[in-house]
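> Quick one: dock chain against chain with the hints and give me the complex.
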Amino acid sequence: MEEFAALIDALVYTRSRNEKLRLIAEYLRATPDPDRGWALAALSDGLDFPAVKSSTIRNLLKDRVDPVLWSLSRDFVGDTAETASLLWPAPDHPPSPPSVGETVELLEAMNRKSVFVELPKLLDRLDPSGRYALLKLATGGMRIGVSSRLAKTAFAQAFDVSVEEVEEYWHGLAPPFAELFAWAADGQAPPDMANLPTFRPFMLAHPLEETVVDLSDYVAEWKWDGIRVQLVRAGDETKLFSRSGDDISATFPELLDVLPFPAVLDGELLVRGSHQGGEANDVTQGGAASFNALQQRLGRKTVSKKMLAEAPAFVRLYDALLIDGEDLRALPWTERRQRLEALMSRLPDTHFDLSRVVEARDFDHLAQIREGSRDDAIEGLMLKRKDSPYIAGRRVGYWYKWKRDPLLVDCVLMYAQRGSGKRSSFYSDYTFGCWDGDPDKGAELLPVGKAYSGFTDEELKKLDRHVRQNTVNRFGPVRETDKSLVFEVAFDSVHESKRHKSGLAMRFPRIHRIRWDKPVHEADRVEALRALVRD
Amino acid sequence: MPAPFSWIRPEPWGIHVVPADAWVDPSRPVERALVTHGHADHARGGHGQTVATPETLAIMELRYRTGTQDEAGDIPHKAVPVEYGETIKLPGDVQATYFPAGHVLGSAQILLEHAGERIVCTGDYKRRADPTCPPFQIVPCDIFITEATFGLPLFTHPPIAEEMAKLLDRLAAHPDRCVLVGAYALGKAQRVIAELRAAGHHDPIYLHGAMEKMCRLYEEHGVDLGELRLVSDHTKDDMRGSVVISPPGALNDRWSRRLPDPITAMASGWMRVRQRARQRNVELPLVISDHADWGELTRTIEEVDPVETWITHGREDALLRWCQLHQRRARALAMVGYEDEDD
Ligand SMILES: [Zn+2]
Ligand SMILES: [Zn+2]
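Sequence lines, in order, name chains A and B. Its first residue numbered 1, the first sequence is counted upward by one per residue in our numbering. Its first residue numbered 1, the second sequence is counted upward by one per residue in our numbering.
Okay, chain B solo, but in the shape it has when bound (with noise of 0.2 Å):
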């Protein structure tokens, strides 16, 4: 009888799948890839064959063009879309179950199964309720493979309704003026406007031009974002007393010239650090991640209860700390080229 869990290996560029021959988010090219959701620093293009929810083959498709063939243009891309709550069977004996994430649309968490042993690979998550994509589940397991991006125990996010009335207050107080958000593109900007929405502001809200496209997805698959404009077809007198969503890159940019004296906002965990506002000359920040925060990310451990946790990517000295403070089996892997795109 083979050791335990020895089916199943982290390497620095993904976790393999060893007797199926696939891969957990590998972040080079691989024959056979099994992709939790679209950060880029998650879903890559160039896999001969994916497997991913139909919400994340789709983002996939919009981002890398991967519906076709791969980076070299050769070998025919096969995308093999996974229902949550669905299990697909994978050679050698392995058994994949795709159950929500509640990290962004599409998003999930990947149980595997071989030889009796249960592992589960969390991608990112978070605990909060998300109106753009349903709320992660407990999937019980034996070992759990989670992130640590805000593994940190300064991280806590506040409720979201208290970061959207700061918003929508001084979007009040500043009538003449437009409040600038910055947000990734994938997931951030969509929660945000779904939870303007939700706070009672049916305004027409603005969009910078790279946003356009994964807003229409969202609709797409469901998710109602209301009157949605694009600010190169306005004038500033238009955008006036208005909420405006660009990607964080483009805050300080000389775009930005073009709106009606921006007030500029930044939604992201980071954003819990005055020092990492202040370097992004955030005037108004707004802690939003779709990320566990601290509080989120012990719990879930508790609540999973596995035999031994696995942590990712992110601050995982603190959150193996915990462990070790918690007597809870755990380790780090060392994985490369995860970076906080999606923060």
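Only chain A is shown next, with the shape it has when bound in the complex (with noise of 0.2 Å):
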């Protein structure tokens, strides 16, 4: 325990991201099973214990230091784990740190009664860094700037494996990851996921931006503008996953017993939906209903047949990375792509169609074929090299993706807010809005948007100061200003909505331009915008 905490203290005064990578690696080298595994987990998604809670340590500390003394002291220190392990009184023997392994049985053991017995005799083996790691070991969240992907980045650094290959295993093991550190450090067969439905990590792509490439070497795809899922099936279990690794079955349970054979296939979900009228011989393929539809059925942990019969659900597949236990990512896409079309007629068409591939005779016939696409389920293009292999991440020269040109429009700034972090001294979240009629006949602004992205810092700085110099209202964080500022902001479209006064929202609005010239009568109105609407 002693060396996981002093690992903690370092990673809690480090501020290089190369610097905690080396500090986690060498920690994962020099420490035993299982410890490092249960450390490994602790960093990356958490540990739960369900009888250790925060009121628990509250409780705990209320026993043995005066309670006026306690809160004095919290409030100081500003954490509840931090001022018990400083108040804890020190035991009059020297320290008998248990290991981490230890550690993790003891606090697995404890039940909501017995915690009030046992945590105190773990307490007292340890120093007041000691306790300090135990107590975020045990109350979950560490909150020590380290992310789950830093923390798998540094074990593959640690061992000299990739992190994909990481991730890809990672979903399907526990901590303390045994497996994983007999694959990775002492050199076993890799553990074996073939019967299970485990997550694989994605193949991403780059933005295109100056790049022309050679339709000879690439074919096109549109890129559809849905969730990116992962359908798996493995040991007659199918789970879906999203673009993150966060398992989604439960969202969508209509495609979790359509899948009749072991794969594992990646797809666009997309719910159905009339508006657009395309017919699937059309060129842009049709029958998907706008990202809008999409996000009535994200996040819900239970769905209703109401919800199943108006807006169900698809997989609109793009490749394929494992068919019937066969692993298929080292092929080239073109011989991934025929066994994947070759699979459509095993699967039903209420829950599946193949993402088409767009014909252009050369590169400029393909940029003509997407300025054309105004079809709101449309983000863009793909561009896939036909050689490549499905690998994880994102790797140059394989994948590209184009997106449509964005939506422009004048907005004026409203409102700014205080941003988080390194920004949290400047007004650094803008409210713009449009005029709901003719500016020089009294017409008002209408919030149509929020946007905390698309300038530089010396721009963020000006910005900054302009908000100060013109605010005619303060509500707590957020100042209104006097409506003086032109920003012309860029969006990928503009749906209705409820929520908002226009009755319109934007989708990844940012600014695109500010107009320090532009008078703010010329701003667009709210009509401009919503004759963008594709819904």
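Since the hints were derived computationally from the structure, they do not count as laboratory data. We treat Cβ as the ideally placed atom computed from N, Cα and C, and that holds for glycine. Be aware that a few hints might be false.
Said to hold, decoys possible - With a straight-line Cα cutoff of 35 Å, these simulated DSBU-like cross-link-like pairs (lysine-lysine) come out:
#  : chain 1 : residue 1 : chain 2 : residue 2
1  : A       : Lys53     : B       : Lys166
2  : A       : Lys386    : A       : Lys501
3  : A       : Lys501    : A       : Lys301
4  : A       : Lys121    : B       : Lys166
5  : A       : Lys461    : A       : Lys403
6  : B       : Lys236    : B       : Lys166
7  : A       : Lys386    : A       : Lys461
8  : B       : Lys166    : A       : Lys62
9  : A       : Lys401    : A       : Lys239
10 : A       : Lys461    : B       : Lys78
11 : B       : Lys89     : B       : Lys166
12 : A       : Lys450    : A       : Lys306
To be verified - Going by beta-carbon spacing under 8 Å, a handful of chain A positions derived as facing chain B:
#  : residue
13 : Leu11
14 : Arg15
15 : Leu87
This is how it looks when you write it as structure tokens:
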């Protein structure tokens, strides 16, 4: 536990990402199993011990420290675990710290009653740093500036394996990850994932930007505006994962009994709708409702029958990683595509279709096709190298995303709010509006969106100054400005929304240009924005 | 017969010794000031007469040029030196005796006696050994007026040797870098240097320009600080593998860019709390304080065992609570203008 506590302290005080990686990697190399596995779990996803809550710690301390002194101290420190670690009465015997493994075992054995006897015994065996590490470990979130991804990257760095491979096994294993260490540290066979419905990290694309590709090497597909998902079937169980690897099976139950054989499929989850009227034979392939309709279904733990009937989900398939237990990822895209096409007859067309390849004579022709597409279910184009294997993560040169040019509208800055973190001293979150009629005839501004990106640090400073010098009202962290500045706002699409007074909501709005020069009465009207709605 | 202790009155800007018309550590100009030590929250310029130890007077002269005139520039200032253990008579039949407080060079507790009653003003103090000043002495009294800068039970200052070992270990592990220690210019900086020497570190130590004069003053008063160099006279390469000392304000300042990839350290009692260290972007917190920690504060009250304890500045709520819990009479004085310049 001393080494783990020292690691936690070092991480608390380290700002550099590389240094954090180095510290964690060094710990993982130097520490035996299962301690390092538990530590890795604590640093990444956190451990859960139901018997230990923040209130447990408070109650323990109230028996040992005067309640007034406790609360004065807690207020000063601002963190319950840290306050408790500092105030815990030093035992009269020297510390005899348990290992991390023993600590976890003891914590797991505690229940809501025994915790009041057992946790003190554990605290008595540690010094203040050890007590801090113990209490952080026991209550879940470490909150020391280490993300799950950073912890996994450190693991990969420690044993010189690829982080994508780590991600792949991660989802099928549980702490303390004995098989993972056996593979990475001791050179044993990788963990067997064949019979587990686990998430495989996605292959991702780079933005195309200025690159021009040769269409004899690349194919184009539409980039659909739904959510990227992975449907996995193994060992008679089907699971649906989001791009980050979250299990979202419960949200889309209709997809769990339609894949009749073991496979890992990559596609876009969409819900059916009628507004586009596109037929399956169209260039753009239709039948998908807008992202708005999909939004209605996201984030729900249970789904009503009505919802299942009104907005049924289906998967538009992009790729196949495994079919019938065979790993296809090393094959070139063309071969995987053939296998995927052949697979379609084995899948119910109520729940699956195939993302079509977009045919174009050459790159310029493709650019024209892209410009012509204003179908709301399309975000742009994907360009995939024909010989590309399926590789986790983002590799240069294999896949590109070529988003549609954004839509632009001129808006007026109305409110500004302080940012968070590094930006907490700046007014960096902006709410802007459009005119509800002719501004020269007394029209008013209605808020249409919010943005906090798209400007440089230099511009942020100028914007911050503008806000401070032109404030007409304050509401907590928010300032209302005198509405004297025009933003050219870029966004991907705009939708009807009941939540906003203007009745409209933008997707991905960002500041495209700050028009210091433009008079506010020349900003756009709400009706101009409404004309861009494609719902 | 007047009521007991009616001759002493705490006011927000200092403690008034009524019969002598003298003030202890006043935060506004007065005719006669009894000053415990040279930190800015206790020692100010502009008094008619300042009674303090010779070291404190020298520090005040250096910092506020008190020696000749007050701030307005007309009333001649009079410095009255008092050695440790020396008693001076004040008007109104008041006697003042200065005892070591162990806080910084020249720091004193002031024992005031009148009508058979004894009152001690500690100013700031600590109970740990400090190579730059003589140790705190227990002075029996009726009213004990104590500070409470670190008056919360979570403050336990570790042995300074442990903190020095942390610093030197980090230095040894990064021979291409330097360790930049933020430390207050009066007291903390010299103590850190002297403790480094005591820990066997005899390499040159580099100073921010703002520290130089005070270090020289310490040396003139017999505190050996070893070889000191100014950062401004040296190149990055000269300073690799060295300790550099600067005021806390310079830690994240542009000034530090001239240093070889500094590891940012800070010597302060507040470093006990992680969030405090993070706020200052400190990578190497060194819990080193010139104030009494919670254990020292409460032990001192028990050892002095006064009839009443008055608490001047710091976290007085918690110390007051402790006194109540231990059936000790106590009150918190609402003092203004005492900040933690010297934590
Ligand atoms: Zn002081
Ligand atoms: Zn003070």
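> Give a verdict on every hint.
Going down the list of hints, with the structure as the test:
1. Lys53/A to Lys166/B: holds (33 Å)
2. Lys386/A to Lys501/A: Given that 35 Å is the threshold and the Cα spacing comes to 48 Å, the pair is violated.
3. Lys501/A to Lys301/A: Answer holds: Lys501/A to Lys301/A is near 29 Å, not above 35 Å.
4. Lys121/A to Lys166/B: Status holds; Cα separation ~29 Å.
5. Lys461/A to Lys403/A: With Cα atoms ~30 Å apart, Lys461/A and Lys403/A stay inside 35 Å; holds.
6. Lys236/B to Lys166/B: holds (23 Å)
7. Lys386/A to Lys461/A: violated (46 Å)
8. Lys166/B to Lys62/A: Judged against 35 Å, a Cα distance of about 33 Å means the pair holds.
9. Lys401/A to Lys239/A: OK: Lys401/A and Lys239/A at ~27 Å, within 35 Å.
10. Lys461/A to Lys78/B: Violated - the C-alpha atoms of Lys78/B and Lys461/A are around 51 Å apart, more than 35 Å.
11. Lys89/B to Lys166/B: violated (48 Å)
12. Lys450/A to Lys306/A: holds (33 Å)
13. Leu11: violated (11 Å)
14. Arg15: Check passed: Cβ of Arg15/A comes within 7 Å of chain B, closer than 8 Å.
15. Leu87: Check passed: Cβ of Leu87/A comes within 5 Å of chain B, closer than 8 Å.
Of the hints listed earlier, those the structure fails to meet are numbers 2, 7, 10, 11 and 13, in rising order.
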